[in-house]
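Colleague: Below, each chain spelled out in residue letters.
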Amino acid sequence: MNISPTEAEEALEAIQVVMQKTRRYLSNSGAYAFLIVWGAIWLLGFSGSQFLSPQMAGYTWMVLDILGGVISMVIVLRMKKNVRSTNPVTTGTRIGSFWLLLFLFCGAAIWVSQPVDGRQGSMLIILFVMLGWMAMSLLLSFASARWALVLTALALIGYFLLPGIFYAWMAVLGGGGMIALGLTIRSSW
Amino acid sequence: MSSLNETIHQTVRLRIMAALVTLKADEEMDFTSLRDLLDVSDGNLGAHLRKLEEAGYIVIQKVFEERKPHTYLAVSPEGRKVFKEHVDALEAILKGK
Chain A
0 MNISPTEAEE ALEAIQVVMQ KTRRYLSNSG AYAFLIVWGA IWLLGFSGSQ FLSPQMAGYT
60 WMVLDILGGV ISMVIVLRMK KNVRSTNPVT TGTRIGSFWL LLFLFCGAAI WVSQPVDGRQ
120 GSMLIILFVM LGWMAMSLLL SFASARWALV LTALALIGYF LLPGIFYAWM AVLGGGGMIA
180 LGLTIRSSW
Chain B
0 MSSLNETIHQ TVRLRIMAAL VTLKADEEMD FTSLRDLLDV SDGNLGAHLR KLEEAGYIVI
60 QKVFEERKPH TYLAVSPEGR KVFKEHVDAL EAILKGK
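Taken in order, these protein sequences are the chains called A and B. So for the first sequence, numbering that gives the first Met the number 0 puts the first residue at 0; every next one is plus one. So for the second sequence, numbering that gives the first Met the number 0 puts the first residue at 0; every next one is plus one.
One or more hints might be untrue.
[Unchecked claim] Derived EDC-like pairs (lysine to aspartate or glutamate); straight-line CA-CA distance at most 20 Å:
| id | chain 1 | residue 1 | chain 2 | residue 2 |
| --- | --- | --- | --- | --- |
| 1 | B | Lys-23 | B | Glu-52 |
| 2 | B | Lys-61 | B | Asp-25 |
| 3 | B | Lys-83 | B | Asp-38 |
| 4 | B | Lys-80 | B | Asp-25 |
| 5 | B | Lys-80 | B | Glu-5 |
| 6 | B | Lys-94 | A | Glu-6 |
| 7 | B | Lys-61 | B | Asp-35 |
| 8 | B | Lys-80 | B | Glu-53 |
| 9 | A | Lys-20 | B | Asp-29 |
| 10 | B | Lys-67 | B | Asp-41 |
| 11 | B | Lys-50 | B | Asp-38 |
| 12 | B | Lys-50 | B | Glu-84 |
| 13 | B | Lys-61 | B | Glu-26 |
| 14 | B | Lys-80 | B | Glu-26 |
| 15 | B | Lys-80 | B | Glu-52 |
| 16 | A | Lys-20 | B | Asp-38 |
| 17 | B | Lys-83 | A | Glu-8 |
| 18 | B | Lys-61 | B | Asp-29 |
| 19 | B | Lys-50 | B | Asp-29 |
| 20 | B | Lys-50 | B | Glu-90 |
| 21 | B | Lys-83 | B | Glu-26 |
| 22 | B | Lys-83 | B | Glu-53 |
| 23 | B | Lys-94 | A | Glu-9 |
| 24 | B | Lys-94 | A | Glu-12 |
| 25 | B | Lys-23 | B | Glu-77 |
| 26 | B | Lys-80 | B | Glu-65 |
| 27 | A | Lys-20 | B | Asp-35 |
| 28 | B | Lys-83 | A | Glu-6 |
| 29 | B | Lys-94 | A | Glu-8 |
| 30 | B | Lys-80 | B | Glu-90 |
| 31 | A | Lys-20 | B | Glu-26 |
| 32 | B | Lys-83 | A | Glu-9 |
| 33 | B | Lys-83 | A | Glu-12 |
[Unchecked claim] To list a few chain B residues with every Cβ distance to chain A over 12 Å, as calculated:
| id | residue |
| --- | --- |
| 34 | Ser-40 |
| 35 | Asp-41 |
| 36 | Gly-42 |
| 37 | Asn-43 |
| 38 | Gly-45 |
| 39 | Ala-46 |
| 40 | Glu-53 |
Bear in mind the hints are in silico, worked out from the structure with no lab data behind them. Treat the numbers as computed from the prediction; the structure is a model and nothing was measured. Just so you know, even glycine gets a beta-carbon here, dropped at the ideal spot from N, CA and C.
Given only the sequences and the hints, what does the whole structure look like? Please build it.
Modeller: Here you go:
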């Protein structure tokens, strides 16, 4: 079978286009969506903590967390519809179990340490979420481990140096940062 | 030196293989998703999938999920190998080797 260099170039181009389209198709309901959803939740939730009364902020977080959980489940179901794994213990199940256990550990840590205020409790949750994000990045080869470190550093700076605007700081840099990262991952596929 | 594969080189089959090799080794894509992704008709996709299956380059699995039939498609290890060889051959032609 003989073909010209032009035909070979066209074939390689077609392969590249399909591969890129496939990655984008898979990522349409992938990791980037979780980052954008939870980034938006952090943005709204921490804004609420900064500007609303503690009681109202608590209700806001409750509603946002339930909403986030429902949207996350929809994302997972959509992912399963497109592609499935032949491995009986799928990566998705492992990821889900990991996050569930991490949140249980986080709850236990808060229970044991009895934070003196909401800011301290929030910082503990942020540290656990960032730990989970880093673990996911390192184990699943996402290229976003360094961003979890950056966000952790920013959160610590806000906690220790800017206590008065800590929640607003986390809304903009934490929530906004996650949204920006999600959009970056999506566009890079 | 790698050589071109006539079965794979056909346009639709080349696109099918490109889509399926993008998945991880233990993953399968359902028929409908692949059809939408490649923007081809059911009949056209089915015919090309059969050719690839006959050649041993893909594995087609038909299952029932919640009482509905689903067809899952995956590239076989042989398919992955010949696709890589085909791409190598195309790149060699492009480089004028």
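Colleague: Determine which of the earlier numbered hints do not hold for this structure and return their numbers in increasing order.
Modeller: Checked against the structure, the hints that fail are numbers 3, 20, 26, while the rest are satisfied.
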